[in-house]
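Novice: Starting from the known structure of chain A, fit chain B onto it as the hints suggest.
Chains as they are written, first to last, in the numbering used here: chain A, 2 to 519; chain B, 10 to 393.
Just so you know, the hints here were simulated from the structure itself, not pulled from any lab data.
One or more of the hints may lead you astray.
Claimed, not checked - Subject to a maximum C-alpha distance of 16 Å in a straight line, what follows is the list of computed EDC-like cross-link-like pairs (lysine to aspartate or glutamate):
# : chain 1 : residue 1 : chain 2 : residue 2
1 : B       : K207      : B       : D365
2 : B       : K22       : A       : E288
3 : A       : K168      : A       : D109
4 : A       : K143      : A       : D184
5 : A       : K249      : A       : E264
6 : A       : K92       : B       : E13
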Amino acid sequence: MIEKSHLLPYAQRSDFKVARANELTGKDRRFFRFLEIVPGVAAWSTIIGIVLASIYTPFIAAYFIIAFSIYWVLKTIFLSYHVRYNWKRLKHHMELDWGEMVQRFSYDKYYHLVIFPFYKEPIEVLEQTIEGVLAARYDPQKLIVVFAAEARAGAEAGAVARTLEKKYGNSFGHFLVTTHPSDITGEIAGKGSNVHWALQQVKQKVIDVHKIPYKNIVTSVFDIDTVIYPDYFNCLIWFFMTVENPYKSCFQPVPLFTNNLWEAGALSRVMAMSSTFWQMIMQERPEKAATFSSHSVSFQALYEIGYGQANVVSEDSRIFWNLMIANDGNFEVVSMSYPIAMDATTASTFLGTIANIYRQHRRWTYGVENWCYIVYHFTKNKAIPLKKRWSVALLQGEGYWSLVTNPIMLFILGWAPIFLGTREFHETVLSYELPIMVRNLLIVAMFGLVVSAIISLSLTPPRPDGHSRFRYIVMMLQWIMVPMTMIVFSAIPGLDAQTRLMFGRYMGFWVTPKARIK
Amino acid sequence: MTHEPQIQILPQKHRSIFFWFLVAVFLIALPSLIFYTTGYRLSFENEETSIVTTGGMYVTTDNLEVDVYLNEGQVERPRLFRSAYYIQNITADQHRIVVQSSGYQTWAKVLPVDSRVVTEVSAFNLPERAQIRPITLYETATGTSVYFSNKIIDKVFAQATSTETFYYSTSTATITLQINSEFLFVESLFGTTSTSTKSIFSRLLDEVGKFGFATTTPEKETAGITPIQRTLRGDMELFDEEGELYAKWLGSSAAIPYYFCISSSSVASTSQRYGEHVAAAVETARQSTSTPLLIDNNRVCRTQVKLDRLRQDVFYYHFFPNSSDLVLMQLQDGIYVTEIDDRAWQNTQLLYPGTDIKTIVENDVIYIKDGEYYFQIVTQIETN
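Next up, chain B with everything else stripped away, as it sits in the complex:
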């Protein structure tokens, strides 16, 4: 007969041994994991075990379907926050990052990665073929846009894809159709908005001309008709000056976007790591009183970046919808989008080709007038 339970209470000795074992695990794990999370890794290269320091790269994209490549190797897609890639264990060196997807233009940059530091970068990919939504005066009862001339096919849709079906009417009768109020709105936009039809070069020439004749009171003249146009989004400003296009940070140094800043190093080093143009711009800013360098501990930040206009004249510029990091420019041969981030180079992608076009960004929607036709430009390929 059993007189007492066979399983006794957990002996104090066992608990103590287990407790001190876990204490030992803690003491080993803590420094190991702290070293790991700060970027230290064990390296087994060349049959030698050594400790190396690594950095990382943080890539955000505006498109969930893209593939990201680091030095030609594909980066595994993130599971949750799919528009952001954190790439670990990168050695301190220059690294090429490429973001691409079928049907989209490729974005690429070569950037330095430093030990224990994460290099941030933001990629964008516009469709290879322009995506446009027709806006016609007449539409059917179900809202389908109606064109009365098939010239549209050759003129526009030879180089762009409509995101919505449209109807081509062989008859000019409009009795069964209805007026599209959006068309009236867009038409009024292009009719009333004080968008200058002059390019920034034209305005520069005008300005030079006025300087030439204003010999008597130049200060009054220049003060009265400043040629600078300014567009503001948050603390970021776009403006043109002397034929060039600039992005300028007006906010606090603490909130300045990362791409204005580089690690503080010599001119030669900056040139090698970020490009000669960045090194030159930093040195210019260093001497400047109007756009001085912001310098804190380990980095220097410019507050102004010149945008790449592909050596063309700029007819219109605005912030890209829902972004203060990308700029939409209407150049001589089409509408382009460029990034303000000029480290290494500025990626510039064609949004819509054309020479006889006008552009307006209204409430973060891009409207264009191509000849006599109005469209909205869609920046993603619609899959449905």
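Just chain A, same shape as in the assembly:
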């Protein structure tokens, strides 16, 4: 019998950590399965609908495409406004002396628990990460560092962990290596289950042993390639001390995928920076955000929900939805606007890079599984305000729908009435003007890319020796790939993920390879 008394009331439900329809029974199972089908059906209906409309009602399809193109231009302007504003805030936060700013608080009692789940990444990746923690302007005795290995990664991963423990074990207040067993029933292999195990282990072996109050621990779960900026812990504790309710908040930094930016190819850089920009946008509208990748939250909050889920792919966002739903909607994302550095996805070959980026984005866009979870629990937990339930469900749903459909509608289906329309349509001025209008609107929208190019350059690490200045020009011009990357690495993997979910072909966790290109 699992002890549940420490859990929040809603988190004690047997279906609180549901991941798939087949974990439920009866009406709930059918309802959850229905929810799994909805995103895929919505996306495919939209795409097929536009094709059919282009064939049978090309005038209406053309008007819709014009409306959509205008919407896209305005959306680009709206999002660029957020990116630009967050860029200013990010730069400002990077210039602040957070160590000095936190001096007015009494924060000695707080510990930072830092968990680094890893799989088969080479030791140089782990060492770069831990050196980043060591370089932090923060008392290392207040850090509890956990390297969470996977048993399924074999003896080599264990050896790497032991090497790190030997080398760095005495550098921090506490240092723990955990090994996640490979045979726990109900889990799926991946980062989520590894972190889940590590949190239980660190509670048992460090926190409870040293009687550290759970409320005095701020937990940061970092991807293994995360290199923190020197003031990260100061910045985090500042926000922790200043937010209205630190135990009902997640703290989200801005992931800059810049560790290997100079070694990565143009495609990797564009995808990496595009992901960063999306997170920068979300930083300025946190009420619409969920946690992503590396983030922080109090240990108390995690303890109250049983450390999140070990059976989902998109565990980084699911943890926020677990917290939000268990706390009856009273949980928020706090945007730190402070960077952490991570790796851009690469491989040793161009095709390998394409494959890795595709798989990584398919995994990210499989986050649509969270929408099913949210809507399911929104129908169960009536303590969450109705307005919030509706707005979150619609907003998240629209996000997953537009991620998949918008690039395809804009760059491919915008031309559908011209190729598929009736003879009457082809004779009209509208038929000839439509591609010109769509093209011109897209050109206007492309000006947003100029903003992106400038901001991305300002966030690029200093040029290392051996790299030509010419690379800066490439870094500017690389943004013309965005229409292609939006289709190939957002829309198509998203459609892939939603289609899999629609047919109940559930995805597992794919570990993004991390390596240093020599």
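Specialist: Chain B alone, transformed into the frame defined by chain A:
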């Protein structure tokens, strides 16, 4: 000492204001752009602002180097698809479109443009001076054609330009030369292909003659020796009948080429907009059971168009290479190319002048035999 960041998170109020501003922009832009793309324009003529409706013209050309003029004004060349011109903002009226280029024959048409509708047209421009490639029996080791008589200069190259260099040999010795297999192929074409040497008039006269003697069993006779020759490309057919040359559409009404169709209107209007011959042809087709009009919503389409043979006898006809819209005709004084599109008029251009010639189009290549010489006709001026 700074206690907190000076730049706070983007205030919700600012975001809301900006959001609703963009919503307002959307609501204004949407109808404006829909009106614009459907052909509505603001007019400031006569110091009065009014809304006018416009149409367009879509001109395709077979030559990238041409200049296009609309009502004497030059149309800006398109940047990408350079063989197609979309001309916007044209008022509903008759408009003259001219396509020309130095060294090429000029193509022109006067066509109506209707509001919110695009008038399609396809232009072609043949070289002013015939371009021919010699095909000789002998050629040098490097493939250069060899002539043994300088009569060729006066006979052919006085009126045509060779696209390839050729060699004039003063000696009749052929030991250093090689046989040109293409010559043998072309020679066999003209020798074996069952191209009638009779013109379509001659065959008409033959037919009339047979009618005259076949008084006993006319049906059997006419059924047995039909004078109609037919050439097919896709769903387009060329045939001659009773001394005239026709193009006929055999495909579906949905795929019928635009130039078979006109907007449905009165005879007088059709005559004014497309020419009397079109109006007459439409009325004839309206009464016809064999080539009826195809009528749908806003247009009527003939399925058969008579080709302009310049009042000359036709000795050979075929589709122009790589086209089902142009027809190559060998007439009494040369080889011509005409368009099937008879709206306003049919542009007909001389491809190669001559009276003692034979023509064969084989695999989209035009071969001619001028006297004793064989050539391929090249339809573009080669610049290299």
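Novice: Against which earlier hints does the structure fall short, listed by number upward?
Specialist: 3, 4, 5
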